[in-house]
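Take the given structure of chain C and dock chain E to it, following the hints.
Given next are the chains, with one letter for each unit.
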Amino acid sequence: MTAPASAAKVRGETVLKVENLVKHFPISRGVVFQRQIGAVKAVDGVSFELRRGETLGIVGESGCGKSTLARLLMRLEAPTSGRATLEGRDLFKASGGELRRLRRNMQMVLQDPYTSLNPRMTVGDIIGEPFEIHPDAAPKGSRQRRVQELLDVVGLNPEHINRYPHQFSGGQRQRIGIARALALKPEVIVCDEPVSALDVSIQAQVINLLEELQDELGLSYIFIAHDLSVVRHIADRVAVMYLGRIIEIGTEDEIYERATHPYTQALLSAAPVPDPELRDDRSMIRLVGDVPSPADPPSGCHFRTRCWKAQEVCAREDPQLVPRAADPHPSACHFAELRG
Amino acid sequence: MTHSVVQPTPASPTPEGGHLLEVRDLHVEFRTGEGVAKVINGVSYHLDAGETLAVLGESGSGKSVTAQAIMGILDTPPAVIRSGEIRYRGRDLLSQSEEERRQVRGKEIAMIFQDALSALNPTFPVGWQIGETLRQRAGMSRGDARRRAVELMDLVKIPAAAKRLGDYPHQFSGGMRQRVMIAMALAMDPKVLIADEPTTALDVTVQAQIMDLLADLRRDLDMAMILITHDLGVVAGVADRIAVMYAGRIVEHADVRSLYRAPAHPYTKGLLESIPRMDQRGQKLSTIRGLPPNLMRIPSGCPFHPRCPYAQQVCVDVVPHDLVLGDGRTSACHFAQEVRDDSAR
Numbered sequence: 001m002t003a004p005a006s007a008a009k010v011r012g013e014t015v016l017k018v019e020n021l022v023k024h025f026p027i028s029r030g031v032v033f034q035r036q037i038g039a040v041k042a043v044d045g046v047s048f049e050l051r052r053g054e055t056l057g058i059v060g061e062s063g064c065g066k067s068t069l070a071r072l073l074m075r076l077e078a079p080t081s082g083r084a085t086l087e088g089r090d091l092f093k094a095s096g097g098e099l100r101r102l103r104r105n106m107q108m109v110l111q112d113p114y115t116s117l118n119p120r121m122t123v124g125d126i127i128g129e130p131f132e133i134h135p136d137a138a139p140k141g142s143r144q145r146r147v148q149e150l151l152d153v154v155g156l157n158p159e160h161i162n163r164y165p166h167q168f169s170g171g172q173r174q175r176i177g178i179a180r181a182l183a184l185k186p187e188v189i190v191c192d193e194p195v196s197a198l199d200v201s202i203q204a205q206v207i208n209l210l211e212e213l214q215d216e217l218g219l220s221y222i223f224i225a226h227d228l229s230v231v232r233h234i235a236d237r238v239a240v241m242y243l244g245r246i247i248e249i250g251t252e253d254e255i256y257e258r259a260t261h262p263y264t265q266a267l268l269s270a271a272p273v274p275d276p277e278l279r280d281d282r283s284m285i286r287l288v289g290d291v292p293s294p295a296d297p298p299s300g301c302h303f304r305t306r307c308w309k310a311q312e313v314c315a316r317e318d319p320q321l322v323p324r325a326a327d328p329h330p331s332a333c334h335f336a337e338l339r340g
Numbered sequence: 001m002t003h004s005v006v007q008p009t010p011a012s013p014t015p016e017g018g019h020l021l022e023v024r025d026l027h028v029e030f031r032t033g034e035g036v037a038k039v040i041n042g043v044s045y046h047l048d049a050g051e052t053l054a055v056l057g058e059s060g061s062g063k064s065v066t067a068q069a070i071m072g073i074l075d076t077p078p079a080v081i082r083s084g085e086i087r088y089r090g091r092d093l094l095s096q097s098e099e100e101r102r103q104v105r106g107k108e109i110a111m112i113f114q115d116a117l118s119a120l121n122p123t124f125p126v127g128w129q130i131g132e133t134l135r136q137r138a139g140m141s142r143g144d145a146r147r148r149a150v151e152l153m154d155l156v157k158i159p160a161a162a163k164r165l166g167d168y169p170h171q172f173s174g175g176m177r178q179r180v181m182i183a184m185a186l187a188m189d190p191k192v193l194i195a196d197e198p199t200t201a202l203d204v205t206v207q208a209q210i211m212d213l214l215a216d217l218r219r220d221l222d223m224a225m226i227l228i229t230h231d232l233g234v235v236a237g238v239a240d241r242i243a244v245m246y247a248g249r250i251v252e253h254a255d256v257r258s259l260y261r262a263p264a265h266p267y268t269k270g271l272l273e274s275i276p277r278m279d280q281r282g283q284k285l286s287t288i289r290g291l292p293p294n295l296m297r298i299p300s301g302c303p304f305h306p307r308c309p310y311a312q313q314v315c316v317d318v319v320p321h322d323l324v325l326g327d328g329r330t331s332a333c334h335f336a337q338e339v340r341d342d343s344a345r
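Protein sequences, first through last, are from chains C and E. When we follow full-length UniProt numbering, the leftmost residue of the first sequence carries the number 1, and every step to the right adds one. When we follow full-length UniProt numbering, the leftmost residue of the second sequence carries the number 1, and every step to the right adds one.
Pulled out of the complex, with its shape left as it was, chain C reads as follows (with noise of 0.2 Å):
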């Protein structure tokens, strides 16, 4: 497979900036006169930028907002308000043909492998499918062998292009859902928990898969997960979302090793450990309670309301994403300080 052309513009540089987004789902009562009455806050206020070649993880509990802001990164939901631009062009603004050629830029690889690919659809019409919408990607006479090609790249034997997917395992199915993200050679591809519907064996030999293609083609991942471990493994940077907000974000060692944010420091914590040996470890943090509903998010700090250290302030300020005196990274805390 040739690398794409963007291979030879500079590794880290910003390829997709994100600005102060925000995605609120209107609620509503009454049938004829249909009011307002409330908003869920999926998204509200997220800023990141994304570098070429890296891979950010996206990590947070089920109503976070990670997959809303998937969705809204791949215009499958208009924003309520804010900016995003990859490579310099504006993401939302783009209509007709200039937003055909973003979307050539960026793909999705999506969780379930059972319920993305469509059941009477062949793997090569699946695959092939994008080139229809842009045709000169491959010319009329090259898409089967293109489709071959790429069915190589995955790992999938190319003569099996005419098969159905029920033929296929889940982790193969998985692999179908990248060729077909792969084929208009994106710069950016949004994984959402690619491999939280697969077994761990298979799990491994996905992210190796995603791993190596990043390698060749130099592609950049939005990695959103919950698996706090699969993260840590192929992330550069992390960001920790929480009730529509990024409350911590870092390199994958800022994260994991010097995290000042109670939230994060409690995921880290709760995350189950594979070794027996550190079950009695009694560093343990148990968070109590559930995460509250985005449709009535706590005042200040969103997370105060299961925190130990909240105070007064805590429900008076916002905290601000900002670098803070514990560490360098941006935490979201009034109370940001390294677990002792």
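One or more hints might be untrue.
Unchecked claim - Using 30 Å as the maximum straight-line C-alpha spacing, the simulated DSS-like pairs for lysine-lysine come out as follows: (1) Lys309/C x Lys185/C; (2) Lys17/C x Lys140/C; (3) Lys185/C x Lys284/E; (4) Lys107/E x Lys157/E; (5) Lys309/C x Lys284/E; (6) Lys17/C x Lys93/C.
Claimed, not checked - From the derived model, a few chain E residues whose C-beta atoms are all more than 12 Å from chain C: (7) Phe30; (8) Glu132; (9) Asp144; (10) Gly237; (11) Thr287; (12) Gly326.
Calculated directly from the structure, the hints in this document are not laboratory data. Glycine included, each C-beta is placed from N, C-alpha and C at the ideal position.
For chain E alone, kept in the frame of chain C given last:
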């Protein structure tokens, strides 16, 4: 870890030296239009009072089907129990009538599931659902059942239990629903609790709460627990012993600490090595090659041989029997000693 002595009830004594629950050489197949899937191929394990046994396996390994056979809730057809015994306090459940089994189900052995939302009835309040068991099975009056339901909800730490009796399942969060299901399972004061992937659908912080709750309840109520899971992290947190399943067989069985220290079956070794670890960052993850077998065409000899780095001709020809490695450990591998020695290195 507290090992306590079973109080044998006169009606159902545990025979001297016997196990509380024992599965012996169970064979189950599913007969479908496409053929016969051999789902369970000679599974044996046991559970003693007060302990936690983890049954670990990937999808299709047969871990849940074994539990469903114990509970007597397998759909037959398509499932057919070909042979084997399931002994509870020495009596074989499989040879009992449905009426006798009903006395065991829920009362002696109870089960909780992964998906609480589909295990609970959406059209009745949770208090009524917990109380139903008590009214039907224990013959309690409405008032008593109601009071007991509040106690049970307190026991599983649902805040303001009395106020929430009238709430419907959809009004609870995922973690709270899981607690409601646990409360229902505990209603008849069972001696064995089978937890089938109890935290798989939950977020990590809630998963930790539920696993803590299950461990506390098991200890306080002096139950034995079978924890069915695919997650090696969850097993490491609570289990005493572990049985690893592959293609309907138990391939390795050991106490948890020694298994994690030095797995003695290549499948277990491969699983442990494929977990991303800190010290391997930037390296390729180690993988188990290939795919789990199709249960309609299980490979000859050792079912793991097509994926196994240790495989020799003998693995293709001969089904490995459980090799006893001492300390109650067994491994169904022709090269179990060698695998364990490699792992310990």
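Status of the hints after comparison with the structure:
1. Lys309/C x Lys185/C: Outside the cut-off at roughly 47 Å; violated.
2. Lys17/C x Lys140/C: Judged against 30 Å, a Cα distance of about 35 Å means the pair is violated.
3. Lys185/C x Lys284/E: With a Cα-Cα distance of about 24 Å, the restraint between Lys185/C and Lys284/E holds, given a limit of 30 Å.
4. Lys107/E x Lys157/E: Holds: Lys107/E and Lys157/E sit about 22 Å apart, inside 30 Å.
5. Lys309/C x Lys284/E: It is violated: about 39 Å lies between the C-alpha atoms, which goes past 30 Å.
6. Lys17/C x Lys93/C: This hinted pair holds, its Cα atoms lying about 14 Å apart.
7. Phe30: 18 Å, holds
8. Glu132: Glu132/E clear of chain C: closest Cβ-Cβ about 26 Å, beyond 12 Å.
9. Asp144: Its Cβ never comes within 12 Å of chain C, the nearest being 31 Å, so this holds.
10. Gly237: Its Cβ does come within 12 Å of chain C, the nearest being 5 Å, so this is violated.
11. Thr287: The claim is violated: Thr287/E sits with its nearest Cβ about 4 Å from chain C, within 12 Å.
12. Gly326: 19 Å, holds
Checked against the numbered hints listed earlier, the structure breaks hints 1, 2, 5, 10 and 11; every other hint is satisfied.
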